[in-house]
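Enquirer: Residue numbers (full-length UniProt numbering), protein chains in the order written: chain A, 1 to 348; chain B, 1 to 348; chain C, 1 to 348; chain D, 1 to 348.
Hints may be right or wrong, so weigh each one.
Which copy? The list can't say, so a pair holds if one copy fits it or any two copies do.
As the list claims (entries may be wrong) - DSS-like cross-link-like pairs, simulated, lysine-lysine; straight-line CA separation at most 27 Å:
(1) 191 <-> 280
(2) 3 <-> 166
(3) 142 <-> 107
(4) 280 <-> 44
(5) 44 <-> 273
(6) 82 <-> 251
(7) 191 <-> 82
(8) 191 <-> 44
(9) 273 <-> 93
(10) 166 <-> 88
(11) 93 <-> 280
(12) 88 <-> 251
The hints are simulated quantities; they were obtained by calculation from the structure and are not laboratory data.
Protein chains: 4
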Amino acid sequence: MVKVGILGASGYAGAELVRLLVQREDVEIIFVHSNNYAEIPFSKRYPHLKEVFDSEFSAMNFENNEYFDQVDVLFCALPHAKSQIAVKSALEKGLKVIDLSADFRLKDAEVYEEWYQTKHQVSEALAQAVYGIPEINREAIKDTNLLANPGCYPTSIILGLYPLLKEGYTTNETIISDSKSGISGAGRGLKDGNLFTQATETIQPYAVGSHRHTPEIEEQLSSISGEKTSLMFVPHLAPMQRGILSTIYIKNERNLSEDQLLALYNQYYEEEKFVRVLEKGETPTTKAVSGSNYCDIGLAVDTQSNMIVIMSVIDNLIKGASGQAIQNMNLMLGLDETTGLTQAPIWP
Amino acid sequence: MVKVGILGASGYAGAELVRLLVQREDVEIIFVHSNNYAEIPFSKRYPHLKEVFDSEFSAMNFENNEYFDQVDVLFCALPHAKSQIAVKSALEKGLKVIDLSADFRLKDAEVYEEWYQTKHQVSEALAQAVYGIPEINREAIKDTNLLANPGCYPTSIILGLYPLLKEGYTTNETIISDSKSGISGAGRGLKDGNLFTQATETIQPYAVGSHRHTPEIEEQLSSISGEKTSLMFVPHLAPMQRGILSTIYIKNERNLSEDQLLALYNQYYEEEKFVRVLEKGETPTTKAVSGSNYCDIGLAVDTQSNMIVIMSVIDNLIKGASGQAIQNMNLMLGLDETTGLTQAPIWP
Amino acid sequence: MVKVGILGASGYAGAELVRLLVQREDVEIIFVHSNNYAEIPFSKRYPHLKEVFDSEFSAMNFENNEYFDQVDVLFCALPHAKSQIAVKSALEKGLKVIDLSADFRLKDAEVYEEWYQTKHQVSEALAQAVYGIPEINREAIKDTNLLANPGCYPTSIILGLYPLLKEGYTTNETIISDSKSGISGAGRGLKDGNLFTQATETIQPYAVGSHRHTPEIEEQLSSISGEKTSLMFVPHLAPMQRGILSTIYIKNERNLSEDQLLALYNQYYEEEKFVRVLEKGETPTTKAVSGSNYCDIGLAVDTQSNMIVIMSVIDNLIKGASGQAIQNMNLMLGLDETTGLTQAPIWP
Amino acid sequence: MVKVGILGASGYAGAELVRLLVQREDVEIIFVHSNNYAEIPFSKRYPHLKEVFDSEFSAMNFENNEYFDQVDVLFCALPHAKSQIAVKSALEKGLKVIDLSADFRLKDAEVYEEWYQTKHQVSEALAQAVYGIPEINREAIKDTNLLANPGCYPTSIILGLYPLLKEGYTTNETIISDSKSGISGAGRGLKDGNLFTQATETIQPYAVGSHRHTPEIEEQLSSISGEKTSLMFVPHLAPMQRGILSTIYIKNERNLSEDQLLALYNQYYEEEKFVRVLEKGETPTTKAVSGSNYCDIGLAVDTQSNMIVIMSVIDNLIKGASGQAIQNMNLMLGLDETTGLTQAPIWP
């Protein structure tokens with residue numbers, strides 16, 4: 001029995017961890033932390049899990065935390081900079097730590113501090129952290145105790161570009177990702193832009209060229225391609241609960257045909273349980289992955305402009321957050337990677 | 001290994017049967033029937049199940065159907081009057097039949113013919129059909145070979161009223177159910193009212209006092225209460241994919257307190273895995289049951305008007321259709337009733 | 001030129017007043033008040049009105065307010081209890097005041113204080129306040145300086161019941177209104193239930209038997225019928241921006257036929273520009289009134305249960321708030337009642 | 001009094017023409033054509049206009065059509081290739097014709113026939129047709145009798161790129177437009193992809209590099225820039241009723257600063273009533289133009305990649321179709337261009 005605890009369980013990513021873990025017979029959730037909702041039953045905040053998971057949230061201090069002694073795995077689903085001390089403490093106690101925040105995704109503390117405007121308190125741990133996209137670095141994940149779980153946008157973009165970049169496919173022109181996210185990507189915080197009346201029936205770009213996921217994506221793309229790779233990244237909010245679609249544009253400098261492109265992606269992903277490469281002429285839709293750990297990828301070559309268009313969709317809360325975190329946990333524990341993640345998508 | 005076939009698998013109820021059954025290790029889907037989509041892979045019509053269930057739809061003639069020889073259980077998810085011959089044939093071959101249409105829900109062929117404006121072709125089988133709400137008539141379900149799976153609205157209303165009526169609670173005033181359904185309740189047919197642009201951002205009543213679920217509900221309520229029980233039923237379409245909420249109004253002629261009412265419902269449902277009775281002051285929301293086989297029930301007594309308000313929510317495609325059908329199948333096969341139905345609701 | 005000021009212009013009702021008034025050539029908006037958004041241009045909070053209305057919000061103290069000297073009409077769109085002093089001051093200065101809060105809707109200060117849990121500071125003005133549904137009390141509205149603008153739910157229900165009750169139609173059974181509102185009815189406040197992810201794809205009843213609009217509705221219904229009239233009122237939140245549908249159930253004790261019922265409603269409303277009585281068999285949809293000052297009413301008689309079902313829809317922000325406020329202003333100023341309110345509904 | 005007729009008035013663009021024209025005192029709608037809905041009152045298909053416009057649809061033969069003798073202006077809102085004969089006939093009768101289909105947008109009949117797979121029946125009229133974006137070619141519009149009303153996507157993209165291209169701004173890299181449309185852009189046809197349950201809660205690209213608007217856009221962009229200009233155009237369907245957002249990417253080869261870019265756009269559009277250039281750092285949202293004839297444009301320069309990002313939003317049914325058609329009609333008739341188009345956007 002794997003014993004796990006979840007920090008920051010009152011947000012959507014935390015709640016999704018609970019939903020996905022609670023039904024496993026080989027996992028026990030020992031605690032769900034939230035200072036704001038301490039002593040309130042989890043199922044009062046998330047009534048869908050009434051009678052499924054009724055434990056109370058626990059408040060806690062992250063230093064010398066006795067809760068940590070009771071678990072094997074610690075998930076951190078707090079906003080960035082809020083759980084660094086907890087991560088450090090948990091590592092010292094020998095736990096396996098999976099951090100869903102941005103804190104351990106960048107290798108360079110200075111870059112982190114520039115983009116997140118806060119000093120990193122545990123920068124010495126950055127070197128040991130492994131960026132967790134199993135389809136790309138499965139072996140490293142198996143060996144680490146500190147897993148930096150990728151952001152939602154980055155997951156969709158990196159999986160979309162991986163085969164091309166891994167093959168050394170380069171371009172002198174800027175790669176562009178025009179990405180669209182459902183509103184749950186903005187969390188359950190009380191912000192005007194998250195209100196139903198403000199967010200529904202509209203689509204809007206934001207943080208043009210300045211979104212914090214940019215350095216994370218570029219660092220990973222550069223690591224894959226072996227050279228500095230830049231991306232123009234424009235995120236948008238779309239009026240739906242879940243889902244990310246990244247429409248990625250890259251110059252087709254090697255003049256690949258659509259068939260060649262598809263063959264390449266199938267070669268990379270045919271053994272991957274959670275990546276589905278669509279057939280020629282098909283485009284992905286976020287609905288088809290909703291509720292699942294899948295990433296669907298569609299591919300097109302526009303011969304007139306000689307551009308490659310890669311379209312990648314995920315459920316932002318599952319493959320883009322909690323599902324991938326569990327996939328990583330499975331690997332870190334030597335379990336079958338798909339355990340607890342085989343729920344089919346839900347439609348409609 | 002239980003071998004099943006599904007007639008009418010191209011609609012939402014059929015697709016939901018596939019989604020729920022395909023992941024079971026003790027069930028094998030032998031065929032999915034659709035004349036309109038014959039030889040098209042299921043996952044072309046339902047791309048969420050790509051690589052999960054890629055079998056092709058089969059066209060078939062329902063008389064002397066050899067497909068039926070290959071299965072133990074036949075699900076019929078066709079519109080009313082379309083599968084009566086198939087049901088007859090399957091019963092003769094010794095299959096267990098679960099019919100999701102309205103064809104075997106009413107005991108009286110004349111009532112059926114009046115409301116559905118078509119002659120019943122297998123009226124001799126009506127007597128043996130069992131109406132399948134396990135929480136109410138579990139034992140009869142175990143013993144039948146012909147299961148009439150309830151309608152979505154009826155399930156929400158009957159479960160909502162069951163404890164009161166079973167206790168002989170009667171009233172001289174009309175019981176009212178103001179019910180609201182998501183658009184999937186209207187199916188995947190190409191109708192103007194089902195279009196996104198017509199159905200979103202609006203709510204509308206329809207079939208006031210004339211919905212075909214009315215005789216089905218009244219027959220069941222009368223059977224429970226032991227006397228003729230009438231219902232004023234007004235369905236509405238609400239702009240959401242899934243979910244039914246029935247807000248039921250009944251005169252509180254025995255002057256029950258809210259605590260007494262809650263105690264009664266808890267007594268009836270505390271052992272029921274799929275019915276959750278909310279606490280005092282709580283109201284149910286369809287989101288909390290979405291993706292699950294739950295029925296959530298909230299209760300209130302308005303002392304000023306002395307009315308009882310029962311609020312009952314289900315996922316119309318699961319507890320209101322395919323989930324309940326599987327729950328019934330489990331009982332008919334002597335399996336644990338919850339097998340394959342323990343997926344937690346999804347939120348948001 | 002009519003000069004108007006708006007208190008509480010940062011909320012949806014206030015913004016809708018601006019939208020509807022700004023295009024009139026006979027009206028000038030002198031100030032829009034908001035303490036929270038003082039000195040911020042209106043069109044920064046409401047970007048749809050960029051280049052249409054860019055004035056800044058003004059903070060103000062409501063006693064001896066010099067702003068009030070500059071206007072003829074004061075609209076108060078603040079929450080209840082926030083503008084009573086302003087109303088008093090404005091009346092003393094001779095302004096015509098239209099209050100969209102609940103503060104002057106109830107005749108009895110004690111009832112107000114019981115339901116709103118706050119002492120009324122200007123209870124002496126209650127007697128002079130006129131409840132403003134023009135279709136019902138047009139003449140009184142013309143003569144008042146203090147207009148209590150009705151709530152959104154009450155408008156839909158009272159217009160729905162008015163002809164029946166006015167004709168002395170009584171019943172021994174409880175009248176029920178099962179009402180459904182779009183999310184804008186809950187305002188632009190930062191509340192968890194107003195979040196897109198919490199409010200979309202679900203429908204939920206709330207405040208069963210305890211909504212603050214109940215005494216307001218009952219007082220008006222009793223005034224119309226001439227005897228104490230009670231209502232069981234259950235509001236629901238539906239996942240749409242705008243719109244209210246009230247489905248009203250009343251025993252048909254005089255055995256009216258559907259034709260008689262329609263004839264009665266047509267007699268009352270045929271001259272009313274903003275009330276449309278649907279034809280036999282038609283049901284109203286909130287989309288058909290969205291963006292307009294219309295109230296659409298559908299009628300049905302269920303012969304089996306002998307119930308009358310009245311279905312009434314409005315745009316909660318227009319006929320349910322700001323449109324009706326302007327309709328009332330027009331009457332108070334001796335203008336054509338429809339001035340500035342003839343924009344057709346928008347579909348889809 | 002201007003007398004107008006509308007062919008194809010049963011679709012959304014036709015209905016929007018009715019809604020916008022019916023309230024004008026200087027315009028009379030003489031007929032609304034639809035063969036499918038002949039003799040059915042318009043307000044039965046569009047109940048929002050009950051009591052506003054109740055005339056019946058008329059069926060008609062387009063040759064020697066006597067209806068045409070009764071009007072000054074003919075709007076054609078039929079699908080492509082369906083009204084070419086009507087256009088020819090109307091021109092011969094001296095009417096001013098505004099065609100909302102694609103039939104007269106391309107100068108070259110061969111290009112038309114290649115993309116629309118049908119022979120053009122009135123290709124001789126292509127030369128006299130004027131492409132109607134008033135902000136770009138106002139004078140030519142005033143002088144024509146045959147107005148080709150632009151597509152929705154093209155309007156958003158061309159207005160977005162116009163100042164840059166007009167200034168001779170060129171690039172060796174491909175210009176990309178990642179465009180997102182609400183579902184009304186797909187019309188009111190009974191197609192599976194238009195169903196609520198299929199279209200809501202998802203976003204999906206389609207027609208990648210092959211959308212029929214591509215040649216139209218490229219022809220106009222080339223005409224503006226004075227040289228062949230290509231565009232990589234990827235449309236998407238977003239789950240909302242109305243609105244188009246085009247996010248346009250173009251290499252910043254002249255190294256414009258954001259301030260310079262804004263100054264350029266303000267210079268071009270400051271006199272334009274229907275184009276609003278946002279301030280630095282602001283991004284447009286489709287909600288802010290919904291229900292209006294506005295085009296909002298946001299601008300950004302990403303210094304890292306040296307890309308310009310132009311974000312352009314319109315209401316696809318108004319500035320993208322019927323509103324712009326009326327704007328063109330006003331110009332063709334010598335009226336104030338804004339007549340009947342000053343309704344403010346609606347929010348929420």
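Enquirer: Looking back at the numbered hints, which does the structure fail to meet, lowest number first?
Expert: 2, 6, 9, 10, 11, 12
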